[in-house]
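K.L.:
Sequential numbering from 1 applies to the sequence shown in the UniProt record's numbering.
These are calculated hints, taken from the structure and not from any lab test. It is possible that part of the hints are untrue.
[Stated by the list, open to error] In the DSS-like style, the derived pairs of lysine-lysine whose C-alpha atoms are separated by at most 27 angstroms in a straight line are:
no.: 1; residue 1: 22; residue 2: 57
no.: 2; residue 1: 17; residue 2: 57
no.: 3; residue 1: 57; residue 2: 15
[Stated by the list, open to error] Ranges between beta-carbon positions, derived for each pair:
no.: 4; residue 1: 62; residue 2: 31; range: 42 to 48 angstroms
no.: 5; residue 1: 4; residue 2: 74; range: 33 to 39 angstroms
no.: 6; residue 1: 37; residue 2: 4; range: 18 to 24 angstroms
All C-beta atoms in this analysis are idealised placements derived from N, C-alpha and C, irrespective of residue type, glycine included.
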Amino acid sequence: MATRDSMEQLITEIKDKIDTAKKELDETNRNGYDVDSEYTNAQTNLEQAEAEIEHMKLSANHQQREQLHRLHLQVSQVLNDMYLDQVDLNEYS
Numbered sequence: 001m002a003t004r005d006s007m008e009q010l011i012t013e014i015k016d017k018i019d020t021a022k023k024e025l026d027e028t029n030r031n032g033y034d035v036d037s038e039y040t041n042a043q044t045n046l047e048q049a050e051a052e053i054e055h056m057k058l059s060a061n062h063q064q065r066e067q068l069h070r071l072h073l074q075v076s077q078v079l080n081d082m083y084l085d086q087v088d089l090n091e092y093s
């Protein structure tokens, strides 16, 4: 079973990554879709966060897995927004 501290630490780290990615996404949208390395790094961090969530699920109890699933949905939503924006950028560049 995953410890409470490890769960809290992971959740905090991933929420920080989500916040950073949302800021990058918002900034990119406001600046006319100029994707920079910070945007790409935020996207990469979210992809790594998904892997960390899946790894933590292996040692989590039922309640923790549910919590991790909700966190995964948040990460996926932001990541999908970033992917779709990149598709839009490539189409209209």
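K.L.:
Hint by hint, say whether it matches the structure.
P.N.:
So, going through the hints one by one against the coordinates:
Pair hint residue 22 plus residue 57 holds up; C-alpha atoms about 24 angstroms apart against a cutoff of 27 angstroms. Between residue 17 and residue 57 the alpha-carbon distance is near 19 angstroms, which keeps this suggested pair within the 27 angstroms criterion. In summary, the hint linking residue 57 to residue 15 is supported, as the alpha carbons are separated by about 17 angstroms, within the 27 angstroms threshold. Between residue 62 and residue 31 the CB atoms are about 44 angstroms apart, so this pair conforms to the stated range of 42 to 48 angstroms.
Taking the beta carbon of each, residue 4 and residue 74 are about 20 angstroms apart, not inside 33 to 39 angstroms as hinted. Between residue 37 and residue 4 the CB atoms are about 36 angstroms apart, so this pair departs from the stated range of 18 to 24 angstroms.
Checked against the numbered hints listed earlier, the structure breaks hints 5 and 6; every other hint is satisfied.
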